[in-house]
Structures are given as C-alpha cells and as structure tokens.
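So that you can map any letter, position 19 of the sequence shown is 18 in numbering that gives the first Met the number 0, and since no number is skipped, the others follow by simple counting.
To be clear, the hints were calculated from the coordinates, so they are not data collected in a lab.
A couple of the hints might just be wrong.
[Unchecked claim] Keeping only pairs whose Cα atoms sit at most 35 Å apart, straight-line, the calculated DSBU-like set for lysine-lysine is:
no., residue 1, residue 2
1, K35, K75
2, K66, K42
3, K214, K121
4, K150, K88
5, K88, K198
6, K108, K206
7, K111, K98
8, K47, K146
9, K75, K150
10, K150, K206
11, K74, K88
12, K35, K66
13, K206, K98
14, K112, K33
15, K33, K146
16, K66, K150
17, K66, K47
18, K35, K206
19, K76, K108
20, K150, K214
21, K88, K206
22, K206, K116
23, K18, K76
24, K143, K214
25, K17, K206
26, K146, K108
27, K66, K146
28, K111, K88
29, K116, K35
30, K98, K146
31, K17, K42
32, K108, K35
33, K150, K18
34, K143, K206
35, K88, K47
36, K42, K18
37, K108, K47
38, K74, K150
39, K112, K35
40, K111, K150
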Amino acid sequence: MIPIHVGIIPDGNRRFGKKYNLSLAEAYECGINKLKEVMEWSKEIGIKILTVWSFSTENINRNPFEKRIFFSLLKKKAEEALNSEEFEKCGIRCRFIGKLSLLPLSLTKILKKIEEKTQSNKEFCLNIAIGYGGRQEIVDACNKIIKSGIKRVTINNFRRFLYTNGIPDPDLIIRTSGEYRLSGFLPWQTVYSELVFLKPLWPEITKEDFISAIKEFESRERRFGR
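Based on the provided sequences and hints, a complete structural model is requested.
Pasting the structure below:
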C-alpha cells in the first residue's frame, strides 16, 4: 500500500555544497530544486501529503551569514511561487508549520499569503516545517491549552493544539544523508510511522532511491502498537 503521508528530513545540503565546491546559496538552491522533483515523484505514485523539514528551532543558532543566505533564497522562491499559478494548476495546498515568529517578518507575510492563496486546493498537500522543533511544538500546544481554559486534556483535544492540526499523522518518515535519528521531527505524530534512512545527501537522491524507500514501506507490516 502506498503511504498517504510522507515526512522528509532533507539532510545534507551543506555537505553537498562542500563535496561539489558550491557556494552555500547554490547548495540550498539544489536542495529546493530536489524538493520539486520529490513532489513530482510523490504525485506520480499517489502520495497525497508531503511534509518537509526545512529549518529547525536549533538552526536559529547558526551564524548570521548562513541564516541570511537561507532566508534570502527562501523569500525569493516564495515570491516566485506566490506570483505564479503553479500551485493552483496542480491543485497543491501549501502549509507552513512551526514557530513562524522566529522568521523574518517580511518572509512570514509572504508565507501566509501562499497559505491563503492555496487553501482551497485539494489534489496534494505540501507542508513545510519551518522554525520547527518537536519539543517547542509540544510546549506551544500546552501553553495554548492553558490559555483555552480546558480542564481535562485528552489525546484528541491535545492534537488540536499542535501545529499539524487537521493533518493526518505521517505513514512514513524518510531521512537522507545516512543519519539514523529523527532529531525532534514530529515526535507526537510519528509514534507509529515507519522510518527509512537513505545514504545519499538530500540533493543527490534519485527517483530510484525514493521509490526504494516506498517499496521498503510497502514490505513492512504496520502493527500500530498491537
């Protein structure tokens, strides 16, 4: 069975840049271009939801030069997406999940406009986890619950306060670059997700690599704790 929702930790952009003697901006751009390819592969095989971790709460501690390059490139790509009709043509809804207050305000405004523009699209959902940390998501959810006045917390009502409210839990998590950990990616949502770790760096993965991860998922028996 093809997974409905796939989460991706696209690790290895900076190592890719060093490996091929690219500037940081060029390496990040290769990573963004790879995301476009992976979206196409996902749609081809029937995946409906893709959640990709682009920037963590820990990444905010990177040096200002790196962050400036990343945010500048992301803003440029977001503006291009906002001004094109590509998402509408392909029926893609785009959501940005995370603590968006960590981002430059000018970027946040564009991301919110993209969300508004694509909110009625139903063919495919792309979630970009940005300013995202799994522990921070849970802390933020707890604070929202306290503020709401709810007296008794249950699994179902807690879920409503997560960044991913309304998004089904991922069936499969793929991490690239040969790292064997989730590093805080969707800790609440991945309790029953299958995990596949690929050796290639994110910009290096091929369609064959991606399909191999899907086939690995299909070969497993999901028990959901039973």
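Outcome of the hint check:
1. As the CA atoms of K35 and K75 are separated by approximately 15 Å, the hinted pair is consistent with the 35 Å bound.
2. Between K66 and K42 the alpha-carbon distance is near 31 Å, which keeps this suggested pair within the 35 Å criterion.
3. Distance restraint check for K214 and K121: the Cα-Cα separation of roughly 26 Å lies within the 35 Å cut-off, and the hinted pair is therefore satisfied.
4. Our distance criterion of 35 Å between C-alpha atoms is broken by K150 and K88, whose separation comes to about 45 Å.
5. With a CA separation close to 34 Å, the supplied pair K88 and K198 stays within the 35 Å bound.
6. At roughly 33 Å between alpha-carbon atoms, K108 and K206 fall within 35 Å of each other, so this suggested pair holds.
7. Between K111 and K98, the direct Cα distance comes to roughly 13 Å. Compliance with the 35 Å bound is thereby established for this hinted pair.
8. This hinted pair checks out: K47 and K146 have alpha carbons roughly 34 Å apart, not beyond 35 Å.
9. With a C-alpha separation of about 44 Å, the suggested pairing of K75 with K150 is violated against the 35 Å cut-off.
10. With a C-alpha separation of about 49 Å, the suggested pairing of K150 with K206 is violated against the 35 Å cut-off.
11. For the hint pairing K74 with K88, the CA-to-CA distance comes to about 22 Å; that is within 35 Å, so the pair holds.
12. Distance restraint check for K35 and K66: the Cα-Cα separation of roughly 22 Å lies within the 35 Å cut-off, and the hinted pair is therefore satisfied.
13. A C-alpha spacing of about 32 Å is found between K206 and K98, which places the hinted pair at or below 35 Å, so the restraint holds.
14. Between K112 and K33 the CA atoms are separated by roughly 23 Å; this keeps the pair inside 35 Å, and the hint holds.
15. As the CA atoms of K33 and K146 are separated by approximately 40 Å, the hinted pair breaks the 35 Å bound.
16. Restraint check: the Cα-Cα separation between K66 and K150 comes to about 40 Å, which exceeds 35 Å; the hinted pair is violated.
17. Taken as a hint, the K66 and K47 pair is honoured in the structure, with Cα atoms around 31 Å apart against an allowance of 35 Å.
18. Our distance criterion of 35 Å between C-alpha atoms is met by K35 and K206, whose separation comes to about 12 Å.
19. As the CA atoms of K76 and K108 are separated by approximately 14 Å, the hinted pair is consistent with the 35 Å bound.
20. For the hint linking K150 to K214, the alpha-carbon distance of about 44 Å lies beyond 35 Å, and the restraint is violated.
21. Between K88 and K206 the alpha-carbon distance is near 23 Å, which keeps this suggested pair within the 35 Å criterion.
22. For the hint linking K206 to K116, the alpha-carbon distance of about 30 Å falls within 35 Å, and the restraint holds.
23. Distance check on the hinted pair: K18 and K76 sit about 24 Å apart at the alpha-carbon level, within 35 Å; holds.
24. A threshold of 35 Å between alpha carbons decides the hint, and for K143 with K214 the separation of about 39 Å lies outside it, so the pair is violated.
25. At most 35 Å may separate the alpha-carbon atoms for a hinted pair to count; K17 and K206 meet this at roughly 23 Å.
26. A hinted pair counts as satisfied when its Cα atoms are at most 35 Å apart, and K146 with K108 qualifies at roughly 25 Å.
27. Proposed proximity of K66 and K146 is supported: the alpha carbons are some 32 Å apart, at most 35 Å.
28. Restraint check for K111 and K88: the C-alpha separation of about 19 Å stays at or below 35 Å, so the hint holds.
29. Taken as a hint, the K116 and K35 pair is honoured in the structure, with Cα atoms around 19 Å apart against an allowance of 35 Å.
30. Restraint check for K98 and K146: satisfied, since their Cα atoms lie roughly 17 Å apart, inside the 35 Å limit.
31. The hinted pair formed by K17 and K42 meets the criterion: a straight-line CA distance of about 31 Å does not exceed 35 Å.
32. The hinted pair formed by K108 and K35 meets the criterion: a straight-line CA distance of about 22 Å does not exceed 35 Å.
33. In summary, the hint linking K150 to K18 is not supported, as the alpha carbons are separated by about 54 Å, beyond the 35 Å threshold.
34. Distance hint between K143 and K206 is unfulfilled; the C-alpha atoms sit about 41 Å from each other, more than 35 Å.
35. Our distance criterion of 35 Å between C-alpha atoms is met by K88 and K47, whose separation comes to about 16 Å.
36. Proximity of K42 to K18 is assessed by CA-CA distance (about 30 Å); at most 35 Å being required, the pair is judged to hold.
37. With a C-alpha separation of about 26 Å, the suggested pair K108 and K47 falls inside the 35 Å cut-off, and the hint holds.
38. For the given pair, K74 sits about 41 Å from K150 by alpha-carbon distance, which is inconsistent with the 35 Å threshold.
39. Taking the CA atoms of K112 and K35, the gap is about 20 Å. The hint holds against a cut of 35 Å.
40. Only pairs whose Cα atoms come within 35 Å are accepted, and K111 paired with K150 is accepted, the gap being roughly 32 Å.
Checked against the numbered hints above, the structure violates hints 4, 9, 10, 15, 16, 20, 24, 33, 34, 38; every other hint is satisfied.
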